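**Q** The primary structure of each chain is shown beneath.
Number of protein chains: 2
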Amino acid sequence: MENHEPYVPEPAIYRLPWYLACVSRLRAQGVEYVSSTAISHQLNVDASQIAKDLSYLNIKGKTRIGYEVRGLEKGLLDFLGFERVHKAVMMGVGSLGAALMADSGLSRYGLDIVAGFDVNPDVVGTSACDKPVYHISELDQRVMELGAEIAVIAVPVESCAEVAELCVRAGIKALWNFTPFHIKTSADVAIQNTSIYAHLAVMYNRMPK
Amino acid sequence: MENHEPYVPEPAIYRLPWYLACVSRLRAQGVEYVSSTAISHQLNVDASQIAKDLSYLNIKGKTRIGYEVRGLEKGLLDFLGFERVHKAVMMGVGSLGAALMADSGLSRYGLDIVAGFDVNPDVVGTSACDKPVYHISELDQRVMELGAEIAVIAVPVESCAEVAELCVRAGIKALWNFTPFHIKTSADVAIQNTSIYAHLAVMYNRMPK
Numbered sequence: 034m035e036n037h038e039p040y041v042p043e044p045a046i047y048r049l050p051w052y053l054a055c056v057s058r059l060r061a062q063g064v065e066y067v068s069s070t071a072i073s074h075q076l077n078v079d080a081s082q083i084a085k086d087l088s089y090l091n092i093k094g095k096t097r098i099g100y101e102v103r104g105l106e107k108g109l110l111d112f113l114g115f116e117r118v119h120k121a122v123m124m125g126v127g128s129l130g131a132a133l134m135a136d137s138g139l140s141r142y143g144l145d146i147v148a149g150f151d152v153n154p155d156v157v158g159t160s161a162c163d164k165p166v167y168h169i170s171e172l173d174q175r176v177m178e179l180g181a182e183i184a185v186i187a188v189p190v191e192s193c194a195e196v197a198e199l200c201v202r203a204g205i206k207a208l209w210n211f212t213p214f215h216i217k218t219s220a221d222v223a224i225q226n227t228s229i230y231a232h233l234a235v236m237y238n239r240m241p242k
Numbered sequence: 034m035e036n037h038e039p040y041v042p043e044p045a046i047y048r049l050p051w052y053l054a055c056v057s058r059l060r061a062q063g064v065e066y067v068s069s070t071a072i073s074h075q076l077n078v079d080a081s082q083i084a085k086d087l088s089y090l091n092i093k094g095k096t097r098i099g100y101e102v103r104g105l106e107k108g109l110l111d112f113l114g115f116e117r118v119h120k121a122v123m124m125g126v127g128s129l130g131a132a133l134m135a136d137s138g139l140s141r142y143g144l145d146i147v148a149g150f151d152v153n154p155d156v157v158g159t160s161a162c163d164k165p166v167y168h169i170s171e172l173d174q175r176v177m178e179l180g181a182e183i184a185v186i187a188v189p190v191e192s193c194a195e196v197a198e199l200c201v202r203a204g205i206k207a208l209w210n211f212t213p214f215h216i217k218t219s220a221d222v223a224i225q226n227t228s229i230y231a232h233l234a235v236m237y238n239r240m241p242k
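Those protein sequence lines, which keep their order, are chains L and U. Position 74 of the first sequence, counting from 1, maps to 107 under my numbering, and the rest follow consecutively. Position 196 of the second sequence, counting from 1, maps to 229 under my numbering, and the rest follow consecutively.
FYI, nobody ran anything at the bench for these hints, they're computed from the structure. Errors might be hidden in some of the hints.
The list treats identical chains as interchangeable, and a pair is accepted whether it falls inside one copy or across any two copies.
[As the list claims (entries may be wrong)] In silico DSS-like links for lysine-lysine, alpha-carbon gap of 27 Å or less:
#1 LYS85 <-> LYS206
#2 LYS164 <-> LYS217
#3 LYS217 <-> LYS242
#4 LYS242 <-> LYS95
#5 LYS242 <-> LYS85
#6 LYS206 <-> LYS95
#7 LYS85 <-> LYS217
#8 LYS164 <-> LYS85
Computed from a prediction, not measured in an experiment: that's the story for all the values here.
In isolation and in its complexed conformation, chain L is listed as follows (with noise of 0.2 Å):
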């Protein structure tokens, strides 16, 4: 777990799953060898950001060489843990839940959705993707009995407050926030906001008229 140890800005983080999809890519293709200044032009960032992004992980490419791309290949997996399993809840098994829970992707990056909670008694008691869904009445018991430390929220946007305070209390430490709403909590937890219509406004802004 040492590869959890370095403290690596946001922005960087953010690049690395970039750089991981590089060199996956090369190393299938059987290049042994790949200069920061090859995945610069792979990729459209800068050389120099990319030697200094590897640097926090401690990976460093050698003079004329380059990064052996096997290595920088499991330096980069291990740090972003998507080889990891990490067990989650759903919160919201509508219609993004539902999708989440379908997409093998997350699996592949470490991301096992065990069981979904809802209210809606359509939902409630049958299986999303052979997961259970349970009444959200049962989440302490069930969080503590299946291991769960993160929770994925898609539920409607007027309940993400009270949901995320209801996971917090029930031991999570990680909420991965799909509503617009913005969480706020005092308590020591990871919250990542992935507003994706946020990011269907930005787009449809920036779109050629």
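The hints should help you fit chain U onto chain L, whose structure is shown.
**A** Below, chain U without anything else, positioned relative to chain L:
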């Protein structure tokens, strides 16, 4: 379309949907006026920041009264474009692509995915959420017929660059990229990256150990 004219910085655009969510809730509760301070308490954003963000949209509150809730909601909705229909195609009808096509939330935010494209013979010729899935070789013709302006990209990362290029050539005006690949293009196209797996990496990294 005049509402689209003011230039609003990207970080501000990201916050606008939060304000919209907050204001829509207040409107549903029958509240008529709201101050930036009240919004600030609900969202954990500085009141002065809220006032500044809204001033980009030429929305101004009244001293001691605040913003008129219905007017504010309408101004935000108009600017954000969630009530206009934007036709889109889904590039890659795999796990994530199919999940996004199944998310009715996107259509509530103005994104109408009218067709999918893939190369997998198991998927081409079928339908996903009642929308046809075509072979990618039909892209040019179908984009024109369908009048699609946006491409949502959820293909395997190694195909992203090529698929983005095909979309641009087919006349697409905006790319919503869900792969970790960093698209570069010289064309006049809006690119929005939503690296949900990168968000996952940040969350893993920030979780209390």
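**Q** With reference to the structure, classify each hint as holding or not holding.
**A** Hint-by-hint comparison with the structure:
Within a single copy, LYS85 and LYS206 get their C-alpha atoms no closer than 30 Å, and across copies no closer than 34 Å, so neither meets the 27 Å cut-off. Taking the shortest Cα distances, LYS164 and LYS217 never come within 27 Å of each other, neither inside one copy (29 Å) nor across copies (39 Å). When the C-alpha separation of LYS217 and LYS242 is checked against a cutoff of 27 Å, the pair qualifies only between copies, where the shortest distance is 20 Å, while the shortest distance within a copy is 37 Å. In the homo-oligomer, the alpha carbons of LYS242 and LYS95 never lie at most 27 Å apart, since the shortest distance is 47 Å inside one protomer and 33 Å across protomers.
Taking CA atoms no more than 27 Å apart as the test, LYS242 paired with LYS85 passes between copies only; the shortest distance there is 26 Å, against 38 Å inside one copy. For a Cα distance limit of 27 Å, the shortest separation of LYS206 from LYS95 qualifies neither inside one copy, at 39 Å, nor across copies, at 41 Å. For a Cα distance limit of 27 Å, the shortest separation of LYS85 from LYS217 across copies, 21 Å, qualifies, whereas the shortest one inside one copy, 32 Å, does not. When the C-alpha separation of LYS164 and LYS85 is checked against a cutoff of 27 Å, the pair qualifies neither within a copy, at 42 Å, nor between copies, at 45 Å.
Of the numbered hints given earlier, the model fails hints 1, 2, 4, 6 and 8; all others are met.
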